[in-house]
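A.B. asks: Here is how the chains run, residue by residue.
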Amino acid sequence: MQFEQPIPVQWMADFTGAEIRGDEHQLATGINEIHMVKKGDISFVDFEKYYSKCLNSAATIIIINKDVPCPEGKTLLVTAEPFDVYNKIVKRFRPFEPASQMISPTAIIGENTTIQPGVFIGNHVTVGSNTLIHPNVTIYDNCVIGNNVVIHSGTVIGADAFYFKRRKDREVQYDKMLSCGRAVIEDDVEIGACCTVDRGVTGDTVIGRGTKLDNHIQIGHDTVVGRNCIMASQVGVAGVAHIEDEVILWGQVGVNKDLTIGKGAVVLAQSGVPASLEGGKTYFGTPVDDAKSKMRELAWIKRIPELWNKINNNAK
Amino acid sequence: MQFEQPIPVQWMADFTGAEIRGDEHQLATGINEIHMVKKGDISFVDFEKYYSKCLNSAATIIIINKDVPCPEGKTLLVTAEPFDVYNKIVKRFRPFEPASQMISPTAIIGENTTIQPGVFIGNHVTVGSNTLIHPNVTIYDNCVIGNNVVIHSGTVIGADAFYFKRRKDREVQYDKMLSCGRAVIEDDVEIGACCTVDRGVTGDTVIGRGTKLDNHIQIGHDTVVGRNCIMASQVGVAGVAHIEDEVILWGQVGVNKDLTIGKGAVVLAQSGVPASLEGGKTYFGTPVDDAKSKMRELAWIKRIPELWNKINNNAK
Amino acid sequence: MQFEQPIPVQWMADFTGAEIRGDEHQLATGINEIHMVKKGDISFVDFEKYYSKCLNSAATIIIINKDVPCPEGKTLLVTAEPFDVYNKIVKRFRPFEPASQMISPTAIIGENTTIQPGVFIGNHVTVGSNTLIHPNVTIYDNCVIGNNVVIHSGTVIGADAFYFKRRKDREVQYDKMLSCGRAVIEDDVEIGACCTVDRGVTGDTVIGRGTKLDNHIQIGHDTVVGRNCIMASQVGVAGVAHIEDEVILWGQVGVNKDLTIGKGAVVLAQSGVPASLEGGKTYFGTPVDDAKSKMRELAWIKRIPELWNKINNNAK
Numbered sequence: 336m337q338f339e340q341p342i343p344v345q346w347m348a349d350f351t352g353a354e355i356r357g358d359e360h361q362l363a364t365g366i367n368e369i370h371m372v373k374k375g376d377i378s379f380v381d382f383e384k385y386y387s388k389c390l391n392s393a394a395t396i397i398i399i400n401k402d403v404p405c406p407e408g409k410t411l412l413v414t415a416e417p418f419d420v421y422n423k424i425v426k427r428f429r430p431f432e433p434a435s436q437m438i439s440p441t442a443i444i445g446e447n448t449t450i451q452p453g454v455f456i457g458n459h460v461t462v463g464s465n466t467l468i469h470p471n472v473t474i475y476d477n478c479v480i481g482n483n484v485v486i487h488s489g490t491v492i493g494a495d496a497f498y499f500k501r502r503k504d505r506e507v508q509y510d511k512m513l514s515c516g517r518a519v520i521e522d523d524v525e526i527g528a529c530c531t532v533d534r535g536v537t538g539d540t541v542i543g544r545g546t547k548l549d550n551h552i553q554i555g556h557d558t559v560v561g562r563n564c565i566m567a568s569q570v571g572v573a574g575v576a577h578i579e580d581e582v583i584l585w586g587q588v589g590v591n592k593d594l595t596i597g598k599g600a601v602v603l604a605q606s607g608v609p610a611s612l613e614g615g616k617t618y619f620g621t622p623v624d625d626a627k628s629k630m631r632e633l634a635w636i637k638r639i640p641e642l643w644n645k646i647n648n649n650a651k
Numbered sequence: 336m337q338f339e340q341p342i343p344v345q346w347m348a349d350f351t352g353a354e355i356r357g358d359e360h361q362l363a364t365g366i367n368e369i370h371m372v373k374k375g376d377i378s379f380v381d382f383e384k385y386y387s388k389c390l391n392s393a394a395t396i397i398i399i400n401k402d403v404p405c406p407e408g409k410t411l412l413v414t415a416e417p418f419d420v421y422n423k424i425v426k427r428f429r430p431f432e433p434a435s436q437m438i439s440p441t442a443i444i445g446e447n448t449t450i451q452p453g454v455f456i457g458n459h460v461t462v463g464s465n466t467l468i469h470p471n472v473t474i475y476d477n478c479v480i481g482n483n484v485v486i487h488s489g490t491v492i493g494a495d496a497f498y499f500k501r502r503k504d505r506e507v508q509y510d511k512m513l514s515c516g517r518a519v520i521e522d523d524v525e526i527g528a529c530c531t532v533d534r535g536v537t538g539d540t541v542i543g544r545g546t547k548l549d550n551h552i553q554i555g556h557d558t559v560v561g562r563n564c565i566m567a568s569q570v571g572v573a574g575v576a577h578i579e580d581e582v583i584l585w586g587q588v589g590v591n592k593d594l595t596i597g598k599g600a601v602v603l604a605q606s607g608v609p610a611s612l613e614g615g616k617t618y619f620g621t622p623v624d625d626a627k628s629k630m631r632e633l634a635w636i637k638r639i640p641e642l643w644n645k646i647n648n649n650a651k
Numbered sequence: 336m337q338f339e340q341p342i343p344v345q346w347m348a349d350f351t352g353a354e355i356r357g358d359e360h361q362l363a364t365g366i367n368e369i370h371m372v373k374k375g376d377i378s379f380v381d382f383e384k385y386y387s388k389c390l391n392s393a394a395t396i397i398i399i400n401k402d403v404p405c406p407e408g409k410t411l412l413v414t415a416e417p418f419d420v421y422n423k424i425v426k427r428f429r430p431f432e433p434a435s436q437m438i439s440p441t442a443i444i445g446e447n448t449t450i451q452p453g454v455f456i457g458n459h460v461t462v463g464s465n466t467l468i469h470p471n472v473t474i475y476d477n478c479v480i481g482n483n484v485v486i487h488s489g490t491v492i493g494a495d496a497f498y499f500k501r502r503k504d505r506e507v508q509y510d511k512m513l514s515c516g517r518a519v520i521e522d523d524v525e526i527g528a529c530c531t532v533d534r535g536v537t538g539d540t541v542i543g544r545g546t547k548l549d550n551h552i553q554i555g556h557d558t559v560v561g562r563n564c565i566m567a568s569q570v571g572v573a574g575v576a577h578i579e580d581e582v583i584l585w586g587q588v589g590v591n592k593d594l595t596i597g598k599g600a601v602v603l604a605q606s607g608v609p610a611s612l613e614g615g616k617t618y619f620g621t622p623v624d625d626a627k628s629k630m631r632e633l634a635w636i637k638r639i640p641e642l643w644n645k646i647n648n649n650a651k
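Chains as they are written, first to last, in the numbering used here: chain A, 336 to 651; chain B, 336 to 651; chain C, 336 to 651.
It is possible that part of the hints are untrue.
In silico DSBU-like pairs for lysine-lysine, Cα to Cα no more than 35 Å straight-line [to be verified]: (1) K645/A to K627/A; (2) K598/A to K426/C; (3) K645/A to K627/C; (4) K426/B to K503/B; (5) K598/B to K426/C.
Hints were generated in silico from the structure; no laboratory data involved.
Assemble the whole structure, with the sequences as input and the hints as a guide.
C.D. replies: In structure tokens, the structure reads:
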């Protein structure tokens with residue numbers, strides 16, 4: 336997320352109660368997670384093993400839970416609870432704005448676009464031209480829908496990231512990381528009925544140009560789906576996945592978070608993808624394997640009784 | 336379900352056409368299934384193998400399809416079709432009430448709660464305070480939503496139990512058991528987009544305090560989910576399951592009915608759970624096994640060709 | 336799809352720019368895919384391997400991308416792009432009609448039928464009597480809903496077929512085949528919450544009398560589900576499948592397109608059905624097998640370490 340105007344880091348320190356280290360005159364232009372920060376951004380880290388990655392990232396301002404030496408040209412905001420500070424900033428700069436009507440007056444709708452009855456379009460949403468949104472679709476605040484897009488009924492674009500920090504010592508153990516990112520649906524995408532595309536935590540979840548999703552599909556937060564992909568019904572893709580162009584996922588495939596599926600890969604129905612896959616190949620199984628190897632494996636399994644007989648005959 | 340006021344059992348006999356046995360002066364205070372009856376309740380049984388369980392349950396009044404000796408202190412309502420009698424009573428005491436507006440005037444909404452546009456809230460629903468219900472959510476009659484709850488768009492709370500009695504001799508073979516129970520969402524729960532939490536047949540389906548559900552999750556009737564559980568997208572839990580506290584179910588896991596998953600159990604993605612699981616362990620596979628055993632099993636499968644070669648070499 | 340009135344084939348040739356061969360005086364009464372054409376229909380073919388099937392089908396008029404000899408009594412419309420011509424005809428004879436209100440004034444609703452708030456009913460929809468449609472359901476144009484039907488919230492009936500032609504040479508590779516068919520829900524059907532039943536491409540998707548669907552179920556275009564079937568939650572059936580009467584599909588089963596599941600077959604939870612299954616049997620696994628064989632296979636897998644030890648002992 337970018338702020339509407341740059342914010343003095345000293346103001347942030349005062350607002351959050353964090354102690355400032357390093358340059359006290361920086362301006363914060365946005366807040367982002369480590370994997371997508373750029374110059375001017377605030378980022379945050381609360382696990383020692385990610386300190387070095389965060390301190391060496393492009394982030395200009397780092398919220399951190401240890402008083403480490405401040406890298407040259409950066410500012411630290413030291414606090415016991417970086418997670419809470421992050422949430423406090425998000426709440427202040429992207430507060431939830433309740434809606435008073437189905438289509439927000441702040442939404443921008445392109446020419447020749449049809450919005451059917453029962454559609455909710457949140458604040459600051461942009462919808463392109465020649466787009467068709469079928470009845471009872473929900474589009475949360477700040478999302479971006481392109482041109483020539485079709486979205487079928489019951490689909491929900493931009494619901495919150497499913498992202499919680501566990502605190503086992505509390506009665507209510509899961510602490511929600513607030514989402515301030517967006518879901519971006521590029522031109523010429525078609526999304527089936529009863530799908531969900533969650534928004535990014537701080538960045539964008541993207542469905543790339545020309546991609547077609549069938550019904551009941553889940554796309555997690557910060558996942559980037561490339562161009563001209565096909566996903567059949569009931570596919571689930573977790574957060575922060577990267578599905579490259581022209582990937583085909585058949586029905587009920589499940590894809591783990593934090594991985595890449597290479598260009599043109601095909602994953603057969605009901606497979607489970609735990610880790611990155613090379614492009615241009617066909618996969619099958621839970622966990623997935625090269626489809627042909629998997630088929631051979633299934634054939635071998637059927638031969639176990641034959642092996643058993645052979646062993647017994649050998650033993651005679 | 337409890338009745339609003341106690342009903343004389345003689346009235347029930349007259350209303351249903353059942354023959355009365357035992358104490359004719361009892362008062363019925365509610366109607367419930369065997370597994371959740373209490374004193375004063377009506378229950379019903381139409382399978383001989385459950386007779387003894389039902390007759391020895393806490394139920395005060397038993398609708399039964401055989402003229403068996405009436406246990407001391409109870410009343411029997413003898414009828415050829417206990418199922419039909421149950422449905423007749425439910426229809427009379429909890430009739431379907433069509434809605435004339437999106438938010439029923441009989442609903443009670445707490446302070447600081449935000450109901451976004453397009454939300455349906457049925458009759459006699461209670462929603463706590465500081466709760467946020469996103470657009471196009473549906474909450475059926477009589478459900479209870481706690482404080483600090485978030486429910487995302489497209490989600491349906493309290494639809495009917497999927498519960499049918501098969502009658503092979505009829506043209507329309509499946510006869511619906513009417514639901515009169517509720518869905519209860521406790522405090523601090525978050526439910527993702529396009530989820531379904533069915534109501535209980537006669538009792539409550541419960542999502543326990545602090546539990547977080549991702550998108551596209553199915554929770555069947557009368558299932559009780561404990562506190563601080565996590566379910567990832569597209570998990571399906573059938574009816575009458577008991578998921579204890581702090582259980583984690585990863586994406587696309589399927590859970591059978593009538594079982595218990597013990598406290599703190601973790602079930603890895605796409606697994607299928609056919610029967611009860613001990614708590615505190617990690618499981619994987621369809622049907623699930625201890626995750627490490629399952630991983631070893633998968634490694635062994637890949638070695639079958641090696642076994643084959645060994646056998647052939649031994650044979651030489 | 337049938338046209339409202341017969342259309343002269345010469346008009347079609349002029350409208351589409353196709354070259355006419357054979358009888359120039361035919362009347363086209365409808366347009367349908369090969370697998371469901373009847374006399375009077377237009378059909379189309381653009382793959383050489385389907386030429387003979389299409390030319391020998393019941394279709395009276397055939398849109399084709401090669402100037403082949405015209406069979407006796409038929410008419411050919413020869414064009415480089417039969418797919419585009421099909422889409423042009425559908426757009427002309429069944430154009431998308433945007434809605435201006437939640438329940439179309441052209442819809443026909445039967446007696447004693449309850450339509451809850453938030454329901455969208457498109458143009459030319461027919462709903463029978465004694466039917467109950469829960470809040471926030473969407474029914475697309477031209478669908479047919481029978482008598483004594485129950486449809487739960489969030490469900491979408493009649494969304495477009497997921498049917499695209501790939502054109503690898505274009506920037507936007509997937510070209511949508513427009514749907515002009517319907518979804519037909521027969522009498523006494525119950526459909527759970529958040530289900531999707533897509534409409535046929537040119538014909539009907541059918542849910543047969545007395546069939547009951549749980550929540551989150553996907554039924555693809557042109558699939559015909561028989562009578563008195565049961566599908567548990569999160570089942571997905573692809574397009575052009577034929578599920579015969581009294582079939583039971585347990586939770587999260589996936590069914591491929593273009594196949595038949597025979598009468599009374601039972602498919603256990605999470606199974607994947609790649610091809611046709613005989614009726615009257617029980618199946619399990621991905622891909623499915625006879626359930627008992629599959630269970631034995633799973634038992635054999637657990638014995639591989641035992642085989643390994645035996646082999647090693649034999650070798651000594």
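A.B. asks: If a hint holds in the structure, say so; if it doesn't, say that too.
C.D. replies: Evaluation of the provided hints:
1. K645/A to K627/A: holds (26 Å)
2. K598/A to K426/C: holds (34 Å)
3. K645/A to K627/C: Holds, at roughly 23 Å.
4. K426/B to K503/B: Since the Cα atoms of K426/B and K503/B sit roughly 24 Å apart, the hinted pair holds (cutoff 35 Å).
5. K598/B to K426/C: violated (57 Å)
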